[in-house]
Amino acid sequence: MLETLLPILIFSALGLAVIGAWRRIRLWRQGRPSPVPILKGLVAMPRRYLVDLHHVVGRDKVMSNTHVATAGGFVLAAVLMILVHGLGLAQGVLGWALLAASVLMFVGSLFVARRRRNPPARLSKGPWMRLPKSLMAFSLSVFLITLPTVGVLPEDVGSWILAVVLAAVLVWGLGEMFFGMTWGGPMKHAFAGALHLAFHRRAERFGGGRSTGLKALNLDDPKAPLGVETPSDFTWNQLLGFDACVQCGRCEAVCPAFAAGQPLNPKKLIQDMVVGMAGGSDANYAGSPYPDKPVGEHHGDPHGPIVAREGKALVDAETLWSCTTCRACVEECPMMIEHVDAIVDMRRFLTLEHGNTPNKGAEVLDNLIATDNPGGFDPGSRMHWAADLNLSLMRDVKQADVLLWLGDGAFDMRNQRTLRALIKVLRGAGVDFAVLGNEERDSGDVARRLGDEATFQSLAKRNIAILSQYRFQRIVTCDPHSFHVLKNEYGELGGNYEVFHHSTYIAELYEAGRLYFTPWKGGSVTYHDPCYLGRYNGEYEAPRNVLKALGIEVKEMARSGYRSRCCGGGGGAPITDIPGKQRIPDMRMNDVKETGAELVAVGCPQCTAMLEGVVDATAEIRDIAELVADALVTESEARPQSTAEARIAIKEVAS
Numbered sequence: 001m002l003e004t005l006l007p008i009l010i011f012s013a014l015g016l017a018v019i020g021a022w023r024r025i026r027l028w029r030q031g032r033p034s035p036v037p038i039l040k041g042l043v044a045m046p047r048r049y050l051v052d053l054h055h056v057v058g059r060d061k062v063m064s065n066t067h068v069a070t071a072g073g074f075v076l077a078a079v080l081m082i083l084v085h086g087l088g089l090a091q092g093v094l095g096w097a098l099l100a101a102s103v104l105m106f107v108g109s110l111f112v113a114r115r116r117r118n119p120p121a122r123l124s125k126g127p128w129m130r131l132p133k134s135l136m137a138f139s140l141s142v143f144l145i146t147l148p149t150v151g152v153l154p155e156d157v158g159s160w161i162l163a164v165v166l167a168a169v170l171v172w173g174l175g176e177m178f179f180g181m182t183w184g185g186p187m188k189h190a191f192a193g194a195l196h197l198a199f200h201r202r203a204e205r206f207g208g209g210r211s212t213g214l215k216a217l218n219l220d221d222p223k224a225p226l227g228v229e230t231p232s233d234f235t236w237n238q239l240l241g242f243d244a245c246v247q248c249g250r251c252e253a254v255c256p257a258f259a260a261g262q263p264l265n266p267k268k269l270i271q272d273m274v275v276g277m278a279g280g281s282d283a284n285y286a287g288s289p290y291p292d293k294p295v296g297e298h299h300g301d302p303h304g305p306i307v308a309r310e311g312k313a314l315v316d317a318e319t320l321w322s323c324t325t326c327r328a329c330v331e332e333c334p335m336m337i338e339h340v341d342a343i344v345d346m347r348r349f350l351t352l353e354h355g356n357t358p359n360k361g362a363e364v365l366d367n368l369i370a371t372d373n374p375g376g377f378d379p380g381s382r383m384h385w386a387a388d389l390n391l392s393l394m395r396d397v398k399q400a401d402v403l404l405w406l407g408d409g410a411f412d413m414r415n416q417r418t419l420r421a422l423i424k425v426l427r428g429a430g431v432d433f434a435v436l437g438n439e440e441r442d443s444g445d446v447a448r449r450l451g452d453e454a455t456f457q458s459l460a461k462r463n464i465a466i467l468s469q470y471r472f473q474r475i476v477t478c479d480p481h482s483f484h485v486l487k488n489e490y491g492e493l494g495g496n497y498e499v500f501h502h503s504t505y506i507a508e509l510y511e512a513g514r515l516y517f518t519p520w521k522g523g524s525v526t527y528h529d530p531c532y533l534g535r536y537n538g539e540y541e542a543p544r545n546v547l548k549a550l551g552i553e554v555k556e557m558a559r560s561g562y563r564s565r566c567c568g569g570g571g572g573a574p575i576t577d578i579p580g581k582q583r584i585p586d587m588r589m590n591d592v593k594e595t596g597a598e599l600v601a602v603g604c605p606q607c608t609a610m611l612e613g614v615v616d617a618t619a620e621i622r623d624i625a626e627l628v629a630d631a632l633v634t635e636s637e638a639r640p641q642s643t644a645e646a647r648i649a650i651k652e653v654a655s
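full-length UniProt numbering puts the first residue of the sequence shown at 1, with every later residue one more than the last.
Derived by calculation from the structure, the hints in this document are not laboratory data. It should be emphasised that the depicted structure is a prediction, and the values quoted were computed from it without experimental measurement. Where is the CB? At the ideal position from N, CA and C, for every residue including glycine. Hints are not guaranteed to be accurate.
Lysine-lysine pairs mimicking BS3-like chemistry, simulated, CA-CA at most 30 Å apart [what the hints assert, rightly or not]:
no., residue 1, residue 2
1, Lys424, Lys521
2, Lys548, Lys424
3, Lys360, Lys398
Quick list of simulated restraints, FRET-style, between CB atoms [said to hold, decoys possible]:
no., residue 1, residue 2, range
4, Arg563, Pro7, 47 to 53 Å
5, Arg309, Leu389, 46 to 52 Å
6, Arg395, Lys521, 26 to 32 Å
7, Ala216, Pro294, 35 to 41 Å
8, Val93, Ala168, 24 to 30 Å
9, Phe11, Arg309, 23 to 29 Å
Build out the structure end to end from the sequences listed, making use of the hints.
Below you can see the structure in the form of structure tokens.
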């Protein structure tokens, strides 16, 4: 009886899966065109899945092994089941291989069941809670119906009742694995995720690459959309990426805005985009909602506005403005979904089409247009703080080894101390450097993050025009936001430069023997990783190497490196100022307090401002440049010790 039923069941499930896949593809194709190398992507997919994706999944060893067993077992079992029971190819080792694959999958499903017994809050519940049973049903039924095929049991074992029961259990498993994979069940991510990896809009991320710069809008094309108004305004592979979400909640767990009680949950946002793509409401969402926003109140459709001015909306505007663009969600996502790209795309429409930027957003953008800086200061006063420093100006010297990019910290009294310290260090190392002075304009970072692509491109093109007049080998800046924009986002507009964060350049100068330090004699120190230096640009070691060179042993916070908690200062968040239950910098200073450190070393003016703004802070905030400048000694003062002896002495003091 099973010999007759099995091919019918298997190929019926496959047929329904193909129909579901076609329906799903039609949903994705509602999006705007996005040229991708189809064949190249499909060929690259196995490596991207087995290697690149598992670099992220592997951060949780238990779940990584569970995924290998469950997903690997399923893929093998599904293919072999079609061959053995669908096509009757049970000869040789195929039947035994099918038994082994089903056992592997069953073992993996036991770990999934254990995970779901008392799941963490970040995991979605609802239909996801039935997944362990479905995995077990599929793997166990395949195992049992294969035993007679390989001769372990007689072919006529049991009765027709047993055959019907086994067939029913198999139908349950087939329904979840094949039908649900393309029609919208908990296994949907397996189908969409594989294609998402093949047709990812940032293919540079694979193979160990990095891609974090926002993509420019074509402002010269009057027909080009200014941002994203409706779900169908996303590119088709962005919609595909949203559909790949596994709802694991790893993005939710690291989101600073969600932790602060602001109305943002990156997992919920992605699911809202899926709802909008298909049409309907978020009533069936089974995960954590946006803080203080109940589920079931948001509605949308593919061609309706995502953020509605009146009536029901798919997403509330304040959800988009809560994001600090820290990329913690992107860094943690095991499906490599680009949350920040989507948020900025939606912000662009609100800002460019409606001028709908909350709180001080409009004022800051007006200032950038009128004065080339977000504070609205007189552009001619950019260098007033340095009147006594006799800095070389590029317009006078025409060329230098290093162009020192001051950034808009030049208008901030606190950051002027950092700039003075950095200048002291550069002069101490004998660096040939110059500044643009009043010719320098804002890099455009905050305008772009607030969605004002037009102002960003205007600032960037004018900066590029100025820079093209001079000759220099590299740009050095103490602002990670300017560093990122100059390095990763000006290139698309014609400005390609070698850009260094000041911590990286100081580390290079020290290694070259051009800097000498007195050993550190202060208290305990921790280091805060700026998002735009770390997650955006992968620089984690250079700042720590500089601190080590000073004789400082860093007391790492629980969340450091690629998992560092944002200070709350990125993405224009201090400007839009969406309220929550607590402040993000307060949470970060609590992380500092747990280390017992007396001083926080930072490498970003935004981080300095946000952390120094914490009331009753238990630690002092100092930029790395300030620490280096305080420890700096001249080469003659460092003698008669050799460089090697001096470094040995520093290590001895540190130990």
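Going through the hints against the structure:
no.	hint	result
1	Lys424 / Lys521	holds, 21 Å
2	Lys548 / Lys424	holds, 20 Å
3	Lys360 / Lys398	violated, 38 Å
4	Arg563 / Pro7: 47 to 53 Å	holds, 49 Å
5	Arg309 / Leu389: 46 to 52 Å	holds, 51 Å
6	Arg395 / Lys521: 26 to 32 Å	violated, 42 Å
7	Ala216 / Pro294: 35 to 41 Å	holds, 38 Å
8	Val93 / Ala168: 24 to 30 Å	holds, 29 Å
9	Phe11 / Arg309: 23 to 29 Å	violated, 50 Å
Checked against the numbered hints listed earlier, the structure breaks hints 3, 6 and 9; every other hint is satisfied.
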